[in-house]
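Novice: In order, the protein sequence lines correspond to chains B and W. My numbering applies: residue 1 is where the first sequence begins, and numbers increase by one. My numbering applies: residue 372 is where the second sequence begins, and numbers increase by one.
A portion of the hints provided could be inaccurate.
[To be verified] Ranges between beta-carbon positions, derived for each pair: (1) B:E76 / W:G701: 28 to 36 Å; (2) B:S208 / W:D621: 22 to 30 Å; (3) W:A518 / B:R287: 16 to 24 Å.
[To be verified] Computed list of chain B residues with no C-beta within reach of chain W, every gap over 10 Å: (4) G10; (5) R29; (6) P92; (7) P154; (8) W158; (9) P207; (10) P232; (11) Q248; (12) G256; (13) A264.
FYI, nobody ran anything at the bench for these hints, they're computed from the structure. Every residue gets a Cβ at the ideal spot worked out from N, C-alpha and C, and that includes glycine.
2 protein chains.
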Amino acid sequence: MSTDPASRSGAVVEIDLAGICANWRQLARRSAPAACAAVVKANAYGLGAAPVSRALAADCRMFFVATLDEGIALREALGTAPEIAVLNGPLPGTAGEFAAQTLIPVLNTPGQIDEWDRDREGPRPGGAILHVDTGMARLGLSAREFAAMLDDPPAIRWRAVMSHLACADTPDHPLNQRQRERFAAIAAQLPGVPASLAASSGIFLAPSYHFDLVRPGAALYGVNPQPGRANPLRQVVRLSAKILQIRQIDRGESVGYGAAHVMAAPGRVAVVPVGYGDGWPRALSQRGCGYLGGARLPLLGRVSMDLVAFDVSAVPEALAHPGAMIELLGPHYGVDEAAADAGTIGYEILCGLGSRYHRVYRDAGEANEPT
Amino acid sequence: MSTDPASRSGAVVEIDLAGICANWRQLARRSAPAACAAVVKANAYGLGAAPVSRALAADCRMFFVATLDEGIALREALGTAPEIAVLNGPLPGTAGEFAAQTLIPVLNTPGQIDEWDRDREGPRPGGAILHVDTGMARLGLSAREFAAMLDDPPAIRWRAVMSHLACADTPDHPLNQRQRERFAAIAAQLPGVPASLAASSGIFLAPSYHFDLVRPGAALYGVNPQPGRANPLRQVVRLSAKILQIRQIDRGESVGYGAAHVMAAPGRVAVVPVGYGDGWPRALSQRGCGYLGGARLPLLGRVSMDLVAFDVSAVPEALAHPGAMIELLGPHYGVDEAAADAGTIGYEILCGLGSRYHRVYRDAGEANEPT
Chain B
1 MSTDPASRSG AVVEIDLAGI CANWRQLARR SAPAACAAVV KANAYGLGAA
51 PVSRALAADC RMFFVATLDE GIALREALGT APEIAVLNGP LPGTAGEFAA
101 QTLIPVLNTP GQIDEWDRDR EGPRPGGAIL HVDTGMARLG LSAREFAAML
151 DDPPAIRWRA VMSHLACADT PDHPLNQRQR ERFAAIAAQL PGVPASLAAS
201 SGIFLAPSYH FDLVRPGAAL YGVNPQPGRA NPLRQVVRLS AKILQIRQID
251 RGESVGYGAA HVMAAPGRVA VVPVGYGDGW PRALSQRGCG YLGGARLPLL
301 GRVSMDLVAF DVSAVPEALA HPGAMIELLG PHYGVDEAAA DAGTIGYEIL
351 CGLGSRYHRV YRDAGEANEP T
Chain W
372 MSTDPASRSG AVVEIDLAGI CANWRQLARR SAPAACAAVV KANAYGLGAA
422 PVSRALAADC RMFFVATLDE GIALREALGT APEIAVLNGP LPGTAGEFAA
472 QTLIPVLNTP GQIDEWDRDR EGPRPGGAIL HVDTGMARLG LSAREFAAML
522 DDPPAIRWRA VMSHLACADT PDHPLNQRQR ERFAAIAAQL PGVPASLAAS
572 SGIFLAPSYH FDLVRPGAAL YGVNPQPGRA NPLRQVVRLS AKILQIRQID
622 RGESVGYGAA HVMAAPGRVA VVPVGYGDGW PRALSQRGCG YLGGARLPLL
672 GRVSMDLVAF DVSAVPEALA HPGAMIELLG PHYGVDEAAA DAGTIGYEIL
722 CGLGSRYHRV YRDAGEANEP T
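Please model the entire structure based on the sequences and the hints provided.
Specialist: What follows is the structure, given as structure tokens:
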């Protein structure tokens, strides 16, 4: 006899694919006439690159991943049609594999350009995306390297030229306009090559940041691209966990590791099977919360590897009982709120969502098991 | 043409299985005559439950996981011989699956005990481990619930009785002795049932904490069980990442998101393909480091999702070049050091080790691909 995965699992992540697609369409409308890609690196920010990309592929024609392995897996999931670009570019010796899988490398360095241009061993390399740095000082050609490349251009068909904004979530930061001006000057030297600068937050800066192609990632998944302003995007993730045990704790008793929390009054504590081993940050110790029946449940003590405790003293026993579900992420407590309590950003909360959760993908109101 | 996984991957985790086995033997010697189990929950603290447990199974006869799904996967990896206990116990309706997979549940609540005792639908449930709380206020029977159970004992064969220390890494904490005394009184009421209290740090408190069975986890993987004292255990994890690009940055230029780091002098920056999308904590922004050629490389700016930057200005160009490997975890910078910089504990660093890394398992000096 074998139980179904949902009842075996004490914690469930529900992913609203229809919501992700709606977010993509909103971002595409806002960016038009620029084309709109989708960034699905890091397993679609922890939500599942294959199901998320298959849902988006109804509208979206171009996907970005970070690594060659991610590109190979996504090509298998999506088939031959959509374009897949690999942001980190080819490591030495992998140009042939990019060509074989019809992956578009982003070429970030003179060395990557040289190798891509000269590789003759595998199938003939196809087009590539040129990455020029304009103020991030991470990947991409420097201004000097870009000038040198123009003096002695390689025989590469540029599918696009791109750069990346460092401070797009801070609209008033002077670096934004400086990067835009530098990028416009660079793009002007590659006439006919589509230009791409904006990711999620950049889309919201101004239409002048859109150029020919935008590359939203976090905003697809409900992270607010404009911190401090109302979030125009749908929340697409819900994390809930089953109460394993309710404990009646006396005043003065401690809860969890290090006896870090001491009860100021007698109370009831609910223990659920989620912990930092599931990517639920230990930084939420004594700071995070859950929700049950609309009530906020303070997180008590330290987050352990596999368990976390919530104060359910204020919730009727008829609601807070073993088997009841506590919401850890959802309408009451979104990824940005959890991130703020953990001292990080929503991106890290999403990427951390662990492999022990049972995952349910919902599409237009229907629930589907992952395939 | 297809390249091998190691050259496709920009970052490698090497796991020293022989070191893990040596750590287990050291802990077993220190705990004798108590028996020594191995805790391999959360995918063996991120290191791979199947390869780690197969290596340990040469000596170790009992394994602990957290969830039923982990138990099922481990049973498949280990075959029928070793005992596998599931700390979170059975969720409603799963007792038959425990019996079918010969998994030993830890029964934490009166409800779990009732269901295990009464379940007659599936194969007849076998023995179980009783968990009694002595001061953690997480899982386990309260003193009152334990007394009630003794008054009306269920027909369960107790394979062991266990409890868990809240402050074992703080030897002087008064709760340690209180928990030991409470647990000794509980165990005395179940004569003939093996008793288990100590996990990694508890082993080092005193032999009086060993009882009949110890359950080390973190110490197997090199986390120091006695913070502030010399670590007697072997480091078993090395994380290294390939330099994608070296950037020459002028004085006054900023590096990374938010322009958070501004160069105080001209310098060279190395970018490697590791980020919080790989579980490398964003909390290491501006605080962490890497090592190359024995030199400490400050981590510059913010950790991004897929990339992180190090200052290689002090390292000769002959060493710090694209393709060279920077050590992110290893002999120079152990899990406890990285954890201290990130404001967390080594456990969370290990559990976070992501799925994009290429993993190499080393056994007695030899490297093996994962199977």
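Novice: Okay, which hints does this one fail, numbers in order?
Specialist: 3, 4, 6, 11 and 12
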